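S.K.: Sequence:
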Amino acid sequence: MEIKTILHPKKMLIGLGSFMLLMSVFGVIDGDQMAEDMWGADNVAEHDAEYEQMWALHMMPLFGMAVVTGLLVQGKALAQMAMAASAFVLVFMGGGMMYLTNESGYGSGSHTLMIIIFSLSALIGVAGYLHKDDE
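1 is the number of the first residue of the sequence shown in the numbering used here; add one for each residue after it.
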């Protein structure tokens, strides 16, 4: 199977967007557990569960837009959107958020998950590049 067939922006945007949307739903439902996972069980303040719920809720539109883009946009425009989305996620969330969260000790146990998510985000950009000449 050719790599271009496997790395299709439509499938990747819908797949990763759906997965992250589902993860956000769990974050809203169980903010207490998310706070313990991200801050450490011995470092959870009273307001941290609500913070985690709001953060998960705040991310839902981004993931919903990824799914809708995968469903509605086609051809060259889809490839361009995939490359742009990948770049924005990697620069702002990967670069900015990783720097800021490391400074505060937030999410110290979640590096593996972040590496997986950012690797998949990079693959979305590669998928967009492979399909940049599609009609």
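Don't take every hint at face value.
Across the chosen pairs, the derived CB separations fall in these ranges [to be verified]:
1) D30 / I116: 47 to 53 Å
2) A41 / E135: 21 to 27 Å
3) M60 / L100: 17 to 23 Å
4) E50 / A122: 29 to 35 Å
5) Q80 / Q33: 33 to 39 Å
6) Q80 / S18: 31 to 37 Å
7) Q74 / Y51: 37 to 43 Å
It should be emphasised that the hints constitute simulated quantities derived from the structure, not laboratory data.
If you're wondering where the values come from, they're calculated on a predicted model, not measured in any experiment.
All C-beta atoms, glycine included, are put in the ideal place defined by N, C-alpha and C.
S.K.: Hints first: check each against the structure and report whether it holds.
M.R.: Do the hints match the structure? See the list:
For D30 paired with I116, a C-beta distance near 20 Å fails the hint of 47 to 53 Å. Judged by the Cβ atoms, the range 21 to 27 Å given for A41 and E135 is violated: they are separated by roughly 53 Å. Checked against the hint of 17 to 23 Å, the pair M60 and L100 passes, with Cβ atoms roughly 21 Å apart. Taken as a hint, the range 29 to 35 Å holds for the pair E50 and A122, whose Cβ atoms sit roughly 32 Å apart.
Taken as a hint, the range 33 to 39 Å holds for the pair Q80 and Q33, whose Cβ atoms sit roughly 38 Å apart. For the pair Q80 and S18, the supplied restraint of 31 to 37 Å is violated, since their beta-carbon distance comes to about 21 Å. Between Q74 and Y51, the C-beta spacing of about 38 Å keeps the proposed range 37 to 43 Å intact.
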